[in-house]
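> All chains should be modelled from the sequences, with the hints used to inform the complete structure.
In the working numbering, the protein residues as written are 1 to 75.
Hints listed in this document are in silico derivations from the structure and should not be mistaken for laboratory results.
Glycine included, C-beta positions come from ideal geometry on N, C-alpha and C.
Any given hint might turn out to be false.
What the hints assert, rightly or not - Taking CB as the label site, the calculated pair distances span:
1) 15 / 74: 46 to 52 Å
2) 60 / 32: 31 to 37 Å
3) 50 / 11: 17 to 23 Å
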Amino acid sequence: MAIQKSTDANSLVEVIDRILDKGLVIDAWVRVTLLGIELLSVEARVVVAGVETYLKYAEAIGLTKLASPPPVIAA
Numbered sequence: 001m002a003i004q005k006s007t008d009a010n011s012l013v014e015v016i017d018r019i020l021d022k023g024l025v026i027d028a029w030v031r032v033t034l035l036g037i038e039l040l041s042v043e044a045r046v047v048v049a050g051v052e053t054y055l056k057y058a059e060a061i062g063l064t065k066l067a068s069p070p071p072v073i074a075a
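Written out as structure tokens, the structure reads:
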């Protein structure tokens, strides 16, 4: 069985449409230390999706309940 090369190439528009339809999540965590002292810590999560796709999956895991972070109560 020979490997066949696909003749129809995906255009940029088709790739973007698929990403917006299915969604793409990039999760990064970086920590910079010097001599055991943490100098910098960065956590980032980037979600690329269409609004409909985001709301569908965010509702399933409970991310659409709050419109803003809860207030901090000083003790």
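> Hint by hint, note whether the structure agrees.
Checked hints:
A C-beta distance of roughly 49 Å is found between residue 15 and residue 74, which places it inside the suggested range of 46 to 52 Å. Distance hint check for residue 60 and residue 32: the Cβ-Cβ separation is about 35 Å, which falls inside the suggested range of 31 to 37 Å. Between residue 50 and residue 11, the C-beta spacing of about 18 Å keeps the proposed range 17 to 23 Å intact.
When each numbered hint is compared with the structure, no violation occurs for any of them.
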